[in-house]
Amino acid sequence: MSATVLNNARIVDPSRGLDEIGTIIIKDDRVVASGAGARNQGAPTGSTIIDCRGKAVLPGLVDARVFIGEPGGEHRETIASASHAAAAGGVTSIIMMPDTDPVIDNVALVEFVKRTARDTAVVNVYPAAAVTKGLSGEEMTEIGLLREAGAVAITEGRHSIANTQLLRRALTYARDFGVVLAHETQDAHLGVNGVMNEGLYASWLGLSGTPREAEVIPLERDMRLAALTKGAYHAAQISTAMSAEVIGRAKQNGLNVTAAVSINHLSLNENDIGEFRTFFRLQPPLRLEEDRLAMVESLRDGTIDIIVSAHDPQDVDTKRLPFADAAAGAIGLETLLGAALRLYHNGDVPLLRIIEALSTSPARIFGLEAGSLRPGSVADMTIVDLDEPWIVREEDLTSRSKNTCFEGARFQGRVVQTFVAGKSVFSI
26 MSATVLNNAR IVDPSRGLDE IGTIIIKDDR VVASGAGARN QGAPTGSTII DCRGKAVLPG
86 LVDARVFIGE PGGEHRETIA SASHAAAAGG VTSIIMMPDT DPVIDNVALV EFVKRTARDT
146 AVVNVYPAAA VTKGLSGEEM TEIGLLREAG AVAITEGRHS IANTQLLRRA LTYARDFGVV
206 LAHETQDAHL GVNGVMNEGL YASWLGLSGT PREAEVIPLE RDMRLAALTK GAYHAAQIST
266 AMSAEVIGRA KQNGLNVTAA VSINHLSLNE NDIGEFRTFF RLQPPLRLEE DRLAMVESLR
326 DGTIDIIVSA HDPQDVDTKR LPFADAAAGA IGLETLLGAA LRLYHNGDVP LLRIIEALST
386 SPARIFGLEA GSLRPGSVAD MTIVDLDEPW IVREEDLTSR SKNTCFEGAR FQGRVVQTFV
446 AGKSVFSI
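Read in order, the letters of the sequence shown correspond to residues 26 to 453 in the working numbering.
Derived by calculation from the structure, the hints in this document are not laboratory data.
Be a bit skeptical, because a hint or two may be false.
What the hints assert, rightly or not - Only pairs whose alpha carbons sit at most 27 Å apart, straight line, appear in this in silico BS3-like list of lysine-lysine:
1) 158 - 80
2) 139 - 448
3) 276 - 255
4) 344 - 80
5) 139 - 344
6) 158 - 52
7) 52 - 448
8) 52 - 80
9) 158 - 139
10) 344 - 427
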């Protein structure tokens, strides 16, 4: 038996609404005591003692939207390299999107991801399977078999399903098999060639734009389907104030609906593109400042349930192109927490709410054993110095790809150590 004791820790556990100084005792892979009262229990014989000196201990973060190159694009990111980047960012569980080559649309690919993660990853990697074969939007996958094989969600990843009847059937099957359908909405025709948010700034840059309505119109359709099917629907990544209003109404009407926002859309707006900075070409595109502020408010009030990194590694060749030709996407596993803590330090969102959106809520939505420091829970956690300043530098990033939106950004709050199942997988 191995044991670790974390003393003098600021325990931030949203699953219990807890924010207090105390002790956490880990035996093997489980938390056996956690809180102010645990200080009086004494350390098991042979324990490793860590004095946290008031640093925060959080549940390991759960990132529900992570794109990985393996299989087919290992030069951009492997399951192993993504897991090390995650550990450096305090992320102990990631949900891997099916946008690989070949697509994760059959049992063999789900098993490949699970096997590769077991053999090479230092954090928990959960596969999400495609809704349609080849992400084509045409023929539905075997949702029941994929769920049985270990897929924790079904999704089209970067893609949006235009076929309303197919999406209705998928939501019905997802309901029957007890799995969440996560969907990013983008109208198949409206602004399909857009490379940034439609508006004055796009016109000034001479770039084609995607209107905010291209996200909202199919989202409104999806809410109708969620009501019709009673399926569990997760808006995988919203970016506009109008989308938040749609989600809010759906929740008021009692629909089984949840929503995510990327850390990029909480932190940045279209002006950050500057003069054609391709690392800021994202999908959905960065929006107006009023949309960013609406995302922050919707996170604070619970309309938006979770924050994701939308980690999407792209190699240099696909980013060092004219803006309109560059690949969309940015890495984010290592900067997710640092960027999110800006909202805390600025007084925009309480710390417990931020950590809930990064851990407890995604674990609950996708049925993962994670996101808690309760006694009996798996010992996935991260020690964070909430006050330590640091600067994002490309050369310090663990990810195989370096396409970060936050190069040179100054953050306050740094991961000191990360544990998965009671074992240290990262420390500075």
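task: For the pair we were handed, residue 158 and residue 52, check the Cα-Cα distance against 27 Å.
output: violated (43 Å)
Notebook entry, point to check: Within 27 Å, alpha carbon to alpha carbon, are residue 276 and residue 255?
Noted result: holds (13 Å)
> Taken at face value, is the distance from the CA of residue 80 to the CA of residue 344 at most 27 Å?
Replying inline: violated (38 Å)
- With a cut-off of 27 Å on the C-alpha distance, tell me whether residue 158 and residue 80 pass. With Cα atoms ~46 Å apart, residue 158 and residue 80 exceed 27 Å; violated.
- Query: Keeping to a limit of 27 Å between CA atoms, is the pair of residue 52 and residue 448 held or broken?
  - Reply: holds (10 Å)
Next on the checklist: Check whether the Cα positions of residue 52 and residue 80 lie no farther apart than 27 Å.
Outcome noted: holds (21 Å)
Check the hint pairing residue 158 with residue 139 against an upper bound of 27 Å on the C-alpha distance. This hinted pair holds, its Cα atoms lying about 19 Å apart.
Review point. Between residue 139 and residue 344, is the straight-line Cα distance small enough, at 27 Å or below?
Key: violated (30 Å)
Holds or violated: residue 139 to residue 448, with C-alpha atoms at most 27 Å apart | holds (20 Å)
Is it true that the CA of residue 344 sits at most 27 Å from the CA of residue 427? Given that 27 Å is the threshold and the Cα spacing comes to 10 Å, the pair holds.
Figure legend: structure checked against the earlier numbered hints; hints not met, in rising order: 1, 4, 5 and 6.
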